[in-house]
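Student: These are the residues of each chain, in order.
Number of protein chains: 2
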Amino acid sequence: MQNFINHLKKYISLTSDEEQLLLSMVKTIPVKKKAYLLAEGQVCKANYFVEQGCLRLFFINDKGIEQITHFALENWWIADYMSLSMQVKSQFYIQAVEDSTIIAIERHQQEELFSKLPQLERYFRIMMQRAYAAAQMRVKFFHDYSKEESYRHFIAMFPEFVQRIPQYMLASYLGFTPEYLSELRRKV
Amino acid sequence: MQNFINHLKKYISLTSDEEQLLLSMVKTIPVKKKAYLLAEGQVCKANYFVEQGCLRLFFINDKGIEQITHFALENWWIADYMSLSMQVKSQFYIQAVEDSTIIAIERHQQEELFSKLPQLERYFRIMMQRAYAAAQMRVKFFHDYSKEESYRHFIAMFPEFVQRIPQYMLASYLGFTPEYLSELRRKV
Chain X
0 MQNFINHLKK YISLTSDEEQ LLLSMVKTIP VKKKAYLLAE GQVCKANYFV EQGCLRLFFI
60 NDKGIEQITH FALENWWIAD YMSLSMQVKS QFYIQAVEDS TIIAIERHQQ EELFSKLPQL
120 ERYFRIMMQR AYAAAQMRVK FFHDYSKEES YRHFIAMFPE FVQRIPQYML ASYLGFTPEY
180 LSELRRKV
Chain D
0 MQNFINHLKK YISLTSDEEQ LLLSMVKTIP VKKKAYLLAE GQVCKANYFV EQGCLRLFFI
60 NDKGIEQITH FALENWWIAD YMSLSMQVKS QFYIQAVEDS TIIAIERHQQ EELFSKLPQL
120 ERYFRIMMQR AYAAAQMRVK FFHDYSKEES YRHFIAMFPE FVQRIPQYML ASYLGFTPEY
180 LSELRRKV
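Chain order of the listed sequences is X and D.
Position one of the first sequence corresponds to residue 0 (numbering that gives the first Met the number 0), numbered consecutively onward.
Position one of the second sequence corresponds to residue 0 (numbering that gives the first Met the number 0), numbered consecutively onward.
Bound conformation, chain X alone (with noise of 0.2 Å):
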């Protein structure tokens, strides 16, 4: 749990009591590589903590082809946030590329935790916040960027990531097939 904790350390202040207690109402999961935490037509049951490993989210289209919209490594949160806060059905599969540690905070537990670590509160702004801020960037990339230009942003932002995952995930992701990333691999 150290990631965890070491991250909420960053933003909020947390006493040991304090760290005891919201340690006890989140889980630990291992999840292995391939292994859900979520699929298609379920509700989104909690906000998932990437301790160590990596998870993808993504849906199925028309053509029946995974369409990879976000991922998630060490210290970032994943969830589907319409289904996790409307409890509606997802969309969306929610699944580890690596044998991967989380943490989940469900959504039953949400309430009460918050109610008795309030700067949780701050901590969680902050996270949206910053991932808001990022997916309007995203939407400007979408508009701006040409695939060659989306991948050289992706290569220059995330490096280790683009060795981390397999190329048809990155490929997905990217909105490419895997032969034009092999191309675009080939001469950039």
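By construction, these hints were calculated from the structure, which means they are not laboratory data.
Misleading hints may appear alongside valid ones.
If chains are identical, the list can't say which one is meant, so a pair holds when it fits in one copy or spans any two.
[Said to hold, decoys possible] Within a straight-line C-alpha distance of at most 30 Å, the following computed DSBU-like cross-link-like pairs (lysine-lysine) qualify:
(1) Lys146 with Lys33
(2) Lys139 with Lys26
(3) Lys8 with Lys32
(4) Lys186 with Lys62
(5) Lys44 with Lys9
(6) Lys139 with Lys88
(7) Lys139 with Lys32
(8) Lys88 with Lys8
(9) Lys62 with Lys139
(10) Lys139 with Lys31
(11) Lys88 with Lys44
(12) Lys88 with Lys9
(13) Lys88 with Lys115
(14) Lys115 with Lys8
(15) Lys139 with Lys186
(16) Lys32 with Lys44
(17) Lys62 with Lys146
(18) Lys8 with Lys44
(19) Lys9 with Lys115
(20) Lys9 with Lys31
On the provided structure of chain X, position chain D as indicated by the hints.
Tutor: Just chain D now, kept in the frame of chain X:
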């Protein structure tokens, strides 16, 4: 300020003293149609709440064309959150689509406001989570919808909005040419 206060009170409680304190620390800004709250190259100085009217967030692309990425109507917040959070220069413009009344929480006031009224952390955590949830769905739509489906989806979700904004702005938001949108409107 009535929309602003009512909106807050849907999510958090405020005593009348707290309400007064809050109102003393925010700015009410009348913004004429076509006036700017932010221009490219400036640092975004505040988080803006639309008390009355409509704002748009856009950037100018390589071809010199305005590309709208977000709108905000009554009871919505809008800012360049990357610029606001990181205090970096913005790549966007925020402009009034109509004569509007805006409530601004300025960045230099924000931390004092949060420390005096910590329930605002909860309010903004909920606002940001909601905005991010919508952004996650939007990434799905970008990949999943044809141009015609994007248009149908948008008019189904926001019928009044479609009546209210100029058609060329709707075209820009959807990534269409105005000509393509006219064609679609005749057809749908």
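Student: Look at each hint and say if it fits the structure.
Tutor: For each hint, the structure was consulted:
Proximity of Lys146 to Lys33 under the C-alpha cut-off of 30 Å is restricted to the intra-copy arrangement: shortest distance 28 Å within a copy versus 33 Å between copies. Within a single copy, Lys139 and Lys26 get their C-alpha atoms only as close as 36 Å, which misses the 30 Å cut-off; across copies the closest is 29 Å, which meets it. Proximity of Lys8 and Lys32 under a CA criterion of 30 Å is satisfied intra-copy only: 29 Å inside one chain copy versus 44 Å between copies. Taking identical chains as interchangeable, the C-alpha atoms of Lys186 and Lys62 lie at most 30 Å apart whether they share a chain (29 Å) or sit on different chains (26 Å).
Proximity of Lys44 to Lys9 under the C-alpha cut-off of 30 Å is found in both arrangements, the shortest distances being 26 Å within a copy and 24 Å between copies. Taking the shortest alpha-carbon separations for Lys139 and Lys88, both the intra-copy value of 28 Å and the inter-copy value of 15 Å come in at or below 30 Å. In this assembly of identical chains, the alpha carbons of Lys139 and Lys32 lie at most 30 Å apart only when taken from different copies (24 Å versus 33 Å within one copy). Only between protomers do Lys88 and Lys8 lie at most 30 Å apart by alpha-carbon distance; the minimum there is 28 Å, versus 33 Å within a single protomer.
Proximity of Lys62 to Lys139 under the C-alpha cut-off of 30 Å is found in both arrangements, the shortest distances being 26 Å within a copy and 14 Å between copies. Proximity of Lys139 and Lys31 under a CA criterion of 30 Å is satisfied inter-copy only: 26 Å between copies versus 35 Å inside one chain copy. For the identical chains of this complex, Lys88 and Lys44 are intra-copy neighbours only, at 10 Å inside a copy versus 38 Å across copies, given an alpha-carbon limit of 30 Å. Within a single copy, Lys88 and Lys9 get their C-alpha atoms only as close as 34 Å, which misses the 30 Å cut-off; across copies the closest is 25 Å, which meets it.
In this assembly of identical chains, Lys88 and Lys115 lie within 30 Å of each other by CA distance solely inside one copy; the values are 29 Å within and 38 Å between copies. Taking the shortest Cα distances, Lys115 and Lys8 sit within 30 Å of each other both inside one copy (17 Å) and across copies (21 Å). For the homomeric pair Lys139 and Lys186, the shortest alpha-carbon distances inside one copy (25 Å) and between copies (29 Å) are both at most 30 Å. When the C-alpha separation of Lys32 and Lys44 is checked against a cutoff of 30 Å, the pair qualifies only within one copy, where the shortest distance is 20 Å, while the shortest distance between copies is 44 Å.
In this assembly of identical chains, Lys62 and Lys146 lie within 30 Å of each other by CA distance both inside one copy and across copies; the values are 21 Å within and 17 Å between. For the homomeric pair Lys8 and Lys44, the shortest alpha-carbon distances inside one copy (25 Å) and between copies (27 Å) are both at most 30 Å. Proximity of Lys9 and Lys115 under a CA criterion of 30 Å is satisfied in both settings, with 19 Å inside one chain copy and 21 Å between copies. For a Cα distance limit of 30 Å, the shortest separation of Lys9 from Lys31 inside one copy, 29 Å, qualifies, whereas the shortest one across copies, 41 Å, does not.
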